[in-house]
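Residue numbers (the UniProt record's numbering), protein chains in the order written: chain A, 1 to 404; chain B, 1 to 140.
Any given hint could be a false lead.
Unchecked claim - To list a few chain A residues with every Cβ distance to chain B over 10 angstroms, as calculated:
id, residue
1, K17
2, N19
3, D27
4, D344
5, T347
6, T358
7, G374
What the hints assert, rightly or not - 27 angstroms max Cα-Cα, derived DSSO-like pairs, lysine-lysine:
id, chain 1, residue 1, chain 2, residue 2
8, A, K400, B, K32
9, A, K398, B, K54
10, A, K371, B, K140
11, B, K54, A, K371
12, A, K17, B, K54
13, A, K110, A, K161
14, A, K313, A, K327
If you are wondering where the hints come from, they were derived from the structure by calculation, not from laboratory data.
Where a beta carbon is used, it is the ideal one built from N, C-alpha and C, also for glycine.
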Amino acid sequence: MFNVEDIRKDFPILSRKVNGKPLVYFDNAATSQTPQQVIDVIVDYYSNYNANIHRGVHTLSQEATDLYEQARHKIQAHFNAKFAHEIIFTSGTTHSINLVANGFSSLLKKGDEIIVSALEHHSNIVPWQMLCERTGASLKVIPMNAEGELVISEFDALLSKNTKLVFVNHISNALGTINPIEYIIEKAHQVGAAVLIDGAQSAPHIKPDVQALNVDFYVTSAHKTCGPTGVGMLYGKEEWLNKLPPYQGGGEMIDEVTFQKTTYAALPHKFEAGTPNICGGIAFGAALDYMNSVGFKAIANYEHELLEYATKKLLEIEGLKIYGTSKQKTSVISFNLEGIHPYDVGTILDKLGIAVRTGHHCAQPIMDFYKIPGTVRASFAFYNTKAEIDTLVEGVKKAKMMLS
Amino acid sequence: MSIEDIQNEIIDEFSMFEDWEERYQYMIDLGKDLPLINDQYKTDSNIIKGCQSKVWVHAEMNDDKIEFTADSDAIITKGIIAILIRAFSNQHPQDIIDANTDFIDKIGLKEHLSPTRANGLVSMVKQLKMYAIAYQTQLK
């Protein structure tokens with residue numbers, strides 16, 4: 001049974017004060033908070049198991065290796081990957097994307113095309129621009145409409161036999177729009193293109209099944225799902241991961257090394273050069289355990305309730321405009337007060353203990369589309385409450401009064 | 001008045017406020033009153049990098065003193081620049097270069113000094129001092 005008051009007890013940070021006021025944390029799309037269960041795993045690791053993995057014959061190293069590989073299996077099970085070696089530990093979504101982009105530089109040539117969406121985070125645009133510069137491939141963009149949705153008919157028109165890779169986020173970080181990735185994956189496969197889905201914003205809300213989706217690559221970061229920062233994953237279909245060359249050279253990723261030639265280790269180690277974030281990987285697994293114990297269905301239902309409540313309450317404020325009004329969206333509200341800079345609103349809210357994000361959310365093309373410098377973004381998680389939303393609404397009213 | 005005298009005057013004014021709200025309301029009002037920069041100087045090259053809001057600063061030398069004008073699209077940021085300009089405008093370049101900025105801490109705006117703050121107060125101070133260094137070189 002979902003009980004938000006019980007859940008809140010799991011998160012020590014939610015009881016702290018900011019600027020003398022109880023913290024209201026609405027910056028969950030940037031990073032989620034960490035429950036005691038995950039903090040305990042981190043403490044336990046450094047208290048009892050800390051060692052380097054995969055190489056040591058001693059007990060600590062073997063125990064740490066077991067924990068790390070168990071975490072990989074947990075992640076595999078969570079995303080329903082076919083094999084554990086299809087899960088590559090990375091430092092996070094950006095690293096995962098760069099790994100794939102780098103791999104494709106040996107597969108692309110002039111005339112090839114990569115399709116991305118207009119709803120992307122900068123980290124989803126720049127690696128592909130760099131890839132195009134290296135290979136002579138060109139970048140095509142699926143446009144968006146005023147509701148903050150992709151214009152799918154335009155996507156259909158962009159697809160051709162030249163399309164080699166399609167890259168779309170599952171959910172837009174700036175607006176919360178849920179993109180129709182099932183359709184995108186199916187259509188891209190019809191022309192033989194690979195599909196990479198950025199799940200950084202969806203992993204906290206939706207439990208994706210990578211096999212059912214038939215997606216080629218899926219990436220996310222642990223810190224979006226109650227885990228630590230600095231660790232994330234790349235899911236890739238075995239056949240694709242075998243096709244891509246290694247990304248970084250170093251320890252762990254080799255099979256045999258002589259000065260004449262090095263042969264690479266098998267998956268997943270081929271892509272995991274150097275000592276990884278061992279504790280982070282283990283904590284990533286624990287974070288998914290935690291979220292599964294709450295239940296993704298319950299999380300989605302409750303967050304939807306928060307979204308509807310907050311949308312209704314905020315729209316009662318005169319002069320407040322919400323950006324991103326798709327019917328298919330997660331618990332993210334991007335808004336502005338008429339004639340007031342988002343930065344000013346965010347500053348006043350911070351003084352009231354309310355954490356929101358202001359600015360362009362690393363998605364400048366979206367802001368350019370709406371011709372605004374940025375927005376105030378409130379993003380809700382399953383440990384937030386309607387009472388906190390009331391505090392936000394009062395805070396926005398106060399900011400409006402002070403600033404206009 | 002010297003920069004230090006003006007800074008002390010600002011510290012005195014801010015010491016009358018009882019809480020953050022009064023302080024911020026005062027800054028917002030200062031922002032509203034900030035003399036606007038001439039539109040011709042609101043160019044991309046006059047934008048200070050490192051601010052989440054746009055900040056334009058223009059400097060001119062009159063009688064060996066620098067006059068700063070500025071603008072921003074965010075009102076709190078404008079208030080902060082208004083305070084900086086009050087302290088540094090119409091001063092000799094060398095005095096601007098030598099001035100310390102501890103008064104920002106003393107008026108309760110320390111949080112804006114952290115490098116993580118998106119308003120880039122640090123960048124603004126640096127930019128004013130850069131102008132002073134440039135004009136000081138011309139004087140020599």
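Structure-based check of all given hints:
Every beta carbon of chain B lies more than 10 angstroms from that of K17 (chain A), the smallest distance being close to 14 angstroms; the non-interface claim holds. A beta-carbon of chain B is positioned within 10 angstroms of the beta-carbon of N19 (chain A); the least distance is around 7 angstroms. At roughly 13 angstroms, the least C-beta separation between D27 (chain A) and chain B is larger than 10 angstroms, which holds for a residue marked as non-interface. Consistency note on D344 (chain A): stated as away from chain B, yet its beta-carbon is not over 10 angstroms from all of that chain's, at 5 angstroms minimum.
The claim that T347 (chain A) is not at the interface with chain B is violated, since a C-beta of that chain comes within 10 angstroms of its own (minimum 5 angstroms). With a cut of 10 angstroms on Cβ distances, T358 (chain A) falls inside the contact zone with chain B, its closest approach being about 7 angstroms. The beta carbon of G374 (chain A) sits about 7 angstroms from the closest Cβ of chain B, which is not more than 10 angstroms, so the claim that it is off the interface is violated. Restraint check: the Cα-Cα separation between K400 (chain A) and K32 (chain B) comes to about 15 angstroms, which is no more than 27 angstroms; the hinted pair holds.
Of the supplied pair hints, the one linking K398 (chain A) and K54 (chain B) holds, its CA atoms being roughly 24 angstroms apart against a limit of 27 angstroms. At roughly 46 angstroms between alpha-carbon atoms, K371 (chain A) and K140 (chain B) are farther apart than 27 angstroms, so this suggested pair is violated. Taken as a hint, the K54 (chain B) and K371 (chain A) pair is honoured in the structure, with Cα atoms around 14 angstroms apart against an allowance of 27 angstroms. Straight-line distance between C-alpha atoms of K17 (chain A) and K54 (chain B) comes to about 31 angstroms, which puts the hinted pair past the 27 angstroms bound.
With a C-alpha separation of about 13 angstroms, the suggested pair K110 (chain A) and K161 (chain A) falls inside the 27 angstroms cut-off, and the hint holds. A hinted pair counts as satisfied when its Cα atoms are at most 27 angstroms apart, and K313 (chain A) with K327 (chain A) qualifies at roughly 17 angstroms.
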